[in-house]
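Going down the list, the sequences are from chains P and H.
Residue numbers for the first sequence follow this note's numbering, so the first one is 103 and each next one is one higher.
Residue numbers for the second sequence follow this note's numbering, so the first one is 1097 and each next one is one higher.
Read the hints as simulated data drawn from the structure, not as lab findings.
Careful: at least some of the hints might be erroneous.
[As the list claims (entries may be wrong)] Think about it this way: if two alpha-carbon atoms lie no more than 25 Å apart in a straight line, the pair counts; the simulated DSS-like pairs of lysine-lysine are:
hint : chain 1 : residue 1 : chain 2 : residue 2
1    : P       : K294      : P       : K115
2    : P       : K110      : P       : K139
3    : P       : K159      : P       : K142
4    : H       : K1278     : H       : K1305
5    : P       : K205      : P       : K216
6    : P       : K205      : P       : K159
7    : P       : K110      : P       : K142
8    : H       : K1156     : P       : K115
9    : P       : K110      : H       : K1164
10   : P       : K115      : H       : K1154
11   : H       : K1164     : P       : K115
12   : P       : K175      : P       : K110
13   : P       : K216      : H       : K1257
14   : P       : K294      : P       : K257
15   : P       : K294      : H       : K1164
[Said to hold, decoys possible] Reference listing, derived: stretches of chain H covered by chain P, where coverage requires no fewer than 3 residues with Cβ under 8 Å from a Cβ of chain P:
hint : segment
16   : 1169-1181
17   : 1185-1196
18   : 1292-1304
[To be verified] A partial selection of chain P residues facing chain H, derived with a Cβ cut-off under 8 Å:
hint : residue
19   : E238
20   : S242
21   : V246
22   : D264
Just so it is clear, CB atoms sit at the ideal spot from N, CA and C, and this is done for glycine as well.
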Amino acid sequence: MIVVVDYKAGNLKSVETAMQYLGADFTITDRPEEVVKADKLIVPGVGEARAAMENLKSRGLDSALEDFFDSGKFLLGICIGIQLFFERSEERDTECLGFLKGKVVRFPEMEGLKVPHMGWNQVEIVRDTHLTRGIESGSSFYFVHSYYPLPEDEKYIIGETDYGIRFTSAVQWENLFAVQFHPEKSGRSGLKLLSNFVSM
Amino acid sequence: MLEKRVIVCLDVRDGRTTKGIRFKDNIDVGDPVEMARFYYEEGADELVFYDITASAEKRKIMIDVVRKVAEVIFIPFSVGGGIGSVSDMRNVLLAGAEKVSVNSQAVRNPEIIEEGASLFGSQCIVLGLDAAYDETMPSGYRVYIDGGRTPTELDALEWSKRAESLGAGEIVLNSIDADGTKNGYELNLTRLISTSVHIPVVASGGAGKPEHLYEVFTEGRADAALIASMVHFNMYSISEIKDFLNKRGIHVRMNG
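Take these sequences, add in the hints, and give me the full structure.
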């Protein structure tokens, strides 16, 4: 059973409908004991890092996520999910889960560059993993965010995107996968990515 | 590099789409869910639904439409028309829409933008703005409400900036002068607003052929372009439009 973690950080409807469409065996929960028992975990979410961390902590989900990560079972972070996996976010200077070394920073102010980065942008696949199997490098995905991950170690990076600067848009480390974009809103390429995760 | 978005607009009344003829492949033309699926599969980057239902009672039908659309398309879509409160916003978002758009109600009660943005995030809140040329206004454009029927005292540029500061995440800018002409978008108006705010501007009104999208992305500096009749009446397919743009050097999503 795949568990989608509901920690009240935004609307899970689109993740839910995408999983239904893929015919995945999944459930949505905010209970730590169900998170720990999951075969696979999806950590979705939109919104703001500090509120997201506070919501996780208030439900005891932070340590459940840690236990799950340590178990070696596959987990996928989406949008704010990828950001929470790093050590810190500049967004209201928030301490995050720290599964990956590095921090989350805001897009610099640049002429003609609108923040949030919102819309379709290309992901260049810099390292092949099961997650991006069958997806062409340079395929477009849907993004909505103002902050992006800055990994301390390049070994994590599996996808990069250009928005004034080149930033990390997908990572993998051991059993952890995470993407800054929204695969559930990214058409066929996004569904392919989700189905790759479901079939791992 | 961020791609220019091609957005298809569907008008819905009492749960049925009001435009569209001669669809291939046995599409039920009046069914918004079928039409949404069709444009999604054709490669539209986003969809916009405007509920033009007259009676408040029948508006509940729209929520059902939104829920069904969300089950078949996996791209963002927004819903506007008749959104008068944060509770209306919540219903639409929980049914699966990515964004809600407010127009006349935001003019009457600007706080709805602020409340919506703080509850759901700016990325969810779209300002729909209908403007027409008026040389007596500071920017040269006046804001209209009630589907373009009622003039307001608001200047289009001032209102755009105000909406941005209240927390709107995007502006769908419709030119009343260009709307329905099929002679192209209002490039001056689009460029004026798009270069003055820091949120994306979606150009609307006047699209008749792919060149018009090219113009509004270059001269008009738009982030996205809304199209309706040019695809509803089968004059062009989404892929024809995107091929045209791509060949002329506009970055658009080509891999559907």
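Okay, the hints, checked on the actual structure:
| no. | hint | result |
| --- | --- | --- |
| 1 | P/K294 <-> P/K115 | 18 Å, holds |
| 2 | P/K110 <-> P/K139 | 20 Å, holds |
| 3 | P/K159 <-> P/K142 | 20 Å, holds |
| 4 | H/K1278 <-> H/K1305 | 8 Å, holds |
| 5 | P/K205 <-> P/K216 | 22 Å, holds |
| 6 | P/K205 <-> P/K159 | 19 Å, holds |
| 7 | P/K110 <-> P/K142 | 20 Å, holds |
| 8 | H/K1156 <-> P/K115 | 19 Å, holds |
| 9 | P/K110 <-> H/K1164 | 23 Å, holds |
| 10 | P/K115 <-> H/K1154 | 24 Å, holds |
| 11 | H/K1164 <-> P/K115 | 12 Å, holds |
| 12 | P/K175 <-> P/K110 | 23 Å, holds |
| 13 | P/K216 <-> H/K1257 | 14 Å, holds |
| 14 | P/K294 <-> P/K257 | 24 Å, holds |
| 15 | P/K294 <-> H/K1164 | 21 Å, holds |
| 16 | 1169-1181 | holds (count 3) |
| 17 | 1185-1196 | holds (count 5) |
| 18 | 1292-1304 | holds (count 3) |
| 19 | E238 | 7 Å, holds |
| 20 | S242 | 4 Å, holds |
| 21 | V246 | 5 Å, holds |
| 22 | D264 | 6 Å, holds |
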